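Please build the complex by placing chain Z with the ligands on the supplied structure of chain B, with the hints as guidance.
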Amino acid sequence: MLVLRTATRLVGRRQPLLIASRSASSSTADHHQTEDDFAYPKEGFGAPIWRKTAGFAILGVLFYEYLGTPGDNDVAWLPAAGTEEFADEAALIRATRETALLQERQLVRSATRPPLYRSRNPEQFNHVSPYKNMVGMSVKFQAQTTAFRPRSGSLLLNRPTSAIEIATPALLVTTSRGVVPHLTQAHASTLPCLQVPFETFLEHSPPVPTLHPGSHPLHSFLGFNPENQLLILTLRDPHDVRETPANTNNYVSAVTGRGIRRILSLRCQIYHSLLPPFSQKRVERSVSRSASWVSQILGPNRNVLVHMAGGVSIAARKAFSSNLIEKLHGREAEAISPHKSLDDGLVGYVFDLAPLRMEMDAVSTGDAPDLTTLLRASLDSMPSSKLRVINSVSSPHEILRLIRDVGVDIFDSKWAQDNAAFGVALDFVFPAPAFQTRQNLGHNLYRTDFAQDFSSLSSSYSPCPCPACRPVATSQSAIISHSTMDQFRTDGTPQPASRAYIHHLCLTHEMSAHSLLVLHNLAVMQAFLASVRTLLEHSDNFGRLVDDFHNAYHEGHEQISEARTMWKEVDLARGKGRLAREQDQGDI
Amino acid sequence: MAKFEILARCPTTRARVSRLTLSHGETALPTFMPVATQAAIKGLTSQQVESLGISLILNNTYHLNLRPGVQILAQAGGAHKFQGWNKNLLTDSGGFQFVSLSKFAKITEEGKQTILVFWRNCNSHFGRRLILQPLHRRANDADSPEESISIQHAIGAGSFHSSTGFRDLEYPADIIMQLDDVVPSLTPDRARVEEAMERSVRWLDRCIAFHNASGKQTTQNLFAIVQGGLDHELRDRCLKQMVERSNQVAGFAVGGLSGGEEKDVFWRIVKQCAEKLPEEKPRYCMGVGFAEGNLSSLVQAVHSNTSTDLLVCVALGVDMADCVFPTRTARFGVALTRNGPLNLRLAKHATDFSPIEKDCPCPTCSQGTSRAMLHHIVTRETAAAHAVTIHNIVFQAQVMGGARDAIIAGTFPQYLKAFFAGYFADAGYPEWCVNALQSVGVDLLEGLDPSEVKIIPGSGAKWEYSTNKSKTK
Ligand SMILES: [Zn+2]
Ligand SMILES: [Zn+2]
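Chains as they are written, first to last, in full-length UniProt numbering: chain B, 1 to 588; chain Z, 1 to 473.
Worth double-checking, as some hints may not be accurate.
[Unchecked claim] Partial list, derived from the structure: chain Z residues whose beta carbon lies under 8 Å from chain B:
(1) Glu26
(2) Ala28
(3) Lys42
(4) Leu44
(5) Thr45
(6) Glu381
(7) Ala383
(8) Met400
(9) Arg404
The hints are simulated quantities; they were obtained by calculation from the structure and are not laboratory data. Since we're looking at a predicted model, the values are computed, not measured. Glycine included, each C-beta is placed from N, C-alpha and C at the ideal position.
Bound conformation, chain Z alone:
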């Protein structure tokens, strides 16, 4: 079982610093987890990722179950061995990808059936009587009612074994997530959200039961996922039931967010959950800054200012967050900096020989790779994506590392103010960030001249747009 020690608490906010010890080493919290959807971080070797100071990454169960498939992972000796990663690994439940990759209509109309079919996808290797889905076959591709019933029988008969694809493996993921029933956060149908929440609680029980029966508690740590949509009452009910099972799980996650809801709603749900979750367990906020449904859209990808979103979450009491933002935006030539995202495609960078960030310890910046060089290769050479990915991961990790040091030193509010001032100085502060931090005792605007400070309603996403159409491409 994981060892979770709280080392310091921020006297003002709800932020805390802790150390999470798992079977593949220690991870300092709060932290962000880079996402290796297909068991690889874009173009980097495992050794390179490790050298960036990353000790915990995320794999997506949904994707790895489709390909290479659980059988291959098992043959390889587990997900760690398969991808050559010797540090900690978290696998998500797959529920979220199911929502984002399938057609929503099918869930709402044929909810149980598709979920069950998906379930089978995620778990078919456990119920060994079940047939593996052909590769690339969508979960909701015509399954007969009979088949669906037989799956339900199989599950009912106890052959549903786990929420993740790695349960049977000798070296499984260090943190596994329960299977949850995810509905899009903007679902208007409260009954459906409630059903999903209740089902997630029931599924948690089955996950706990199987987890305990499997004898894998020593190496694997099961996290519960709090559901309940954007409804505070449903969240409360879910929290109450799940906290009751606190001694059966290693940590808690806040799920069902980042589905396009208002940021002002997002932070209130995060705050509510973080407040009610037990102090002695790690809290994981899932999919921060993930703009759902527009996987390839640049504008959607930068819908959130993840760096600041993550810091708000930390102030609200969150310890871990996964984030595709640093790696995804890198492919579009977007570098993260303390002054906001930098769009390297813009012509103004063409002759700029300075690095992305002067004092950045990442290999890209410390070797002197210039913005001009990156401008020359972004979106044309994968090497550009590698270079910017390296920087973005290190940047994000530095932001979180800086937060840890500030919390320990008791200067976290000042750290927040300085970071937000650098990030939003010119564009204006997002109103929701101001409100969220105010709720934990940090006034971002304190000491600032109200006539000069801009407050931006809505998401307040900051983005370096091209000023004219003739941008260099």
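In isolation and in its complexed conformation, chain B is listed as follows:
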């Protein structure tokens, strides 16, 4: 599954745009002159229809038609993020708070879906599709229950030569610039389900993966195996809530390694609002237009996930959902044929918690509904047979609550990977053992307590199978021979990496510390979700076990913030020659 998340900044006008769109697409002479014919069919996106497309959406194929050409005036680099518009946004928040009720009423009234139109040439997606052949995906759940019960199931992606089956609740591994941070390719290739933000590839135009000649361009380019690894493609990093210039009618923004990139929205199918829609006005736009945009990316065997828009407004969330499931008629139905409603073409729903949390924080305490309520508002009217995906989950506790209260199926692993990056080894199991005192979720290996701790990262009650805790002896045949006389003897059981060793590597600023910790933390998360699945299938007291887990482990993040401070100290003292990326991050 290749999926693209998009979100857009919308324009306020509503008007039928069908004719304008078609005429624009037929006069493409001034566009795309430097395009690669293969990757980019000559198809203009100057049509106003794009200008008004909207929403947070994810689409299930390699995604965009065009993202600007070199030397094109439509593409501009901005020197830095943060413009006056943010001050305006903040002011707007304050203003809107006073008239929130009134606006909410207006919002629901005006959040009517605009007319839908048939995609002008849907085959364009297949040109850049990671699969030259059609792919299909189905989601099955063992226990079809009412909407908000904990559930286990499986995600099945059929490929012409293989099928990938992923048991849910499942883990979605985060990548950065197309790689799992700190892992070698050999280790990353064992992860079944990964999320790839595409924005850094916009540094090059056209984006390099789209030029790859292979039959699975994105997989091949990034070194993943299409036979058993499922990729979810998004435009922006869903965890990144850094401020960027607000999107305008004409431009959307993406963060690349070379700064903020503005993409002329007229010529781009990807729209992503980098700001959470703080203002009611923006929520309104988002909700009202996103459905229209979704219609453009639906297609047979195209696996599309949609971000559920609506921010902290329950009414807006419900309005967005009803747009998705509304049965369409006449020309509109034709436009999305064979689907009867937009939702028919979707395989699931996504919730990005990072921007949502910011928005919840911006609303004064007590005013904002809690997370469960918001998610349920979006899902209430939606069929329960589709995937529910969460990004930026903040703890295993939250995972358990979202499984119990909302029935979420896929969780990202950013939290666990961040812990590894700052020197925290996760150490928890589900169901939780009966501890005398409440435990931390992990260990900050920068602490001197571990200098002489020669045990492995896994605790006695949870033997961990990761390459750090249980290294597998290299088989003789797997060793590269450099000359005819090379003889390799593989003997002895490999030693697990001890806490003392990783403590040493942390303090000496060695990359291996983080490689080992990422391997371990991802394994802990996989094991955690595996036993959640088992218990969902074989136990009927899941709720009590969730409570037990809350009692057994602190949910706080003291360990990681302490580790982060110590990581920074070592980085300052020892980071001579450290990677530029670490320098760039500055504020971490």
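Leaving out everything else, chain Z with the ligands in the frame of chain B:
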């Protein structure tokens, strides 16, 4: 004691192929040793390093003594267990790091004192009466004369035990180096160089004495280090004295080089030492291609063309060399190839879907990781450093493995010519390489049109510079 068997000799050059059997297995020589300064090869697990066909790595005593400290290593059950490495391990003496990490002025002016203090750093766990240095405290941070004297007493009283940090351990390094007195190779003060050379010989005796007394000869192998700076006469004196002790040591190293001296001087010293060292012991050339004093400077890091430097050393009779080059340059996005180093940061690689080297057996190349992908992540993701490190280590090992096969087949001169032609075809041959190989009977320029062959004086370092300022970053 190590078993050292010579399997083949090159009929033309002084190169030979041998097998060194240590307590953690066999290592085919000539070989290069990746450097795991802090007991880890950048981002790779021990199993991954082993799968690259590496059977001998180097740890730096100086660094491991500062952190984690010898006590922790001992508690872990030795350096092997600590880092989960089941193959052979060599620990250096620490002397070289002392030179490169401390201020030179202090050595020349307060030589004995700082060396002794450093000595204590390296060996304090052996003289158990001594106090361990606080972490991160520099060896030359104000030590009182009294303290220094007491150390000297302790040493004089025989509590100086070894040159390496692992002596007391149950599973110590397979090869340990004597403690040597290292002075920067460009030191103009001949008296100081001579003093260091003589002291290194005296220290060797004490190392041998302790080594024999410790009863660890069966598992650990002590190597002597030939010193004497860039002075052939001093080198000869050192060689003479050390060769006399040949039956007490398992091998010999050539130290005190790679300190920024002219390559033309470097190879002559290596040749002189290799010729006079006994045939039946392995010869280890220390720190090939190490650009001293500029640990983070990319240009300095590529000061040498290590692949070709190593081959010259092999032709001169060297069996082993350590080399930080493959791992260090990898972090800067530099991949080694038969056509010279490849700077993956350059924009020209952005859409190149070919691997670093087509026929390379390394996991990075054989899995099809493209230059374009590496270009996208170099210097931004540690995973890029891992991928390029894997390639560079395998590349270097392949160059040495190819040399072994060529020596056995009797085709080493042709191998050298082909490799140098590929490496320097466009940039021109470094004059010193031509001279060095000529001295062992290989004429790199034989059969080439003199009007077309370029000869580059000086180090002849080849480097893929950005052609314009606007390189992709
Ligand atoms: Zn583990
Ligand atoms: Zn390679």
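Status of the hints after comparison with the structure:
1. Glu26: At 6 Å from the nearest chain B Cβ, Glu26 of chain Z passes the 8 Å test, so the hint holds.
2. Ala28: holds, 5 Å
3. Lys42: holds, 5 Å
4. Leu44: Given a least distance of 7 Å, the restraint on Leu44 of chain Z holds.
5. Thr45: holds, 6 Å
6. Glu381: holds, 5 Å
7. Ala383: This interface hint holds because 4 Å falls under the 8 Å limit.
8. Met400: Holds. Min distance 7 Å.
9. Arg404: holds, 4 Å
Violated hints are absent here; each numbered hint is respected by the structure.
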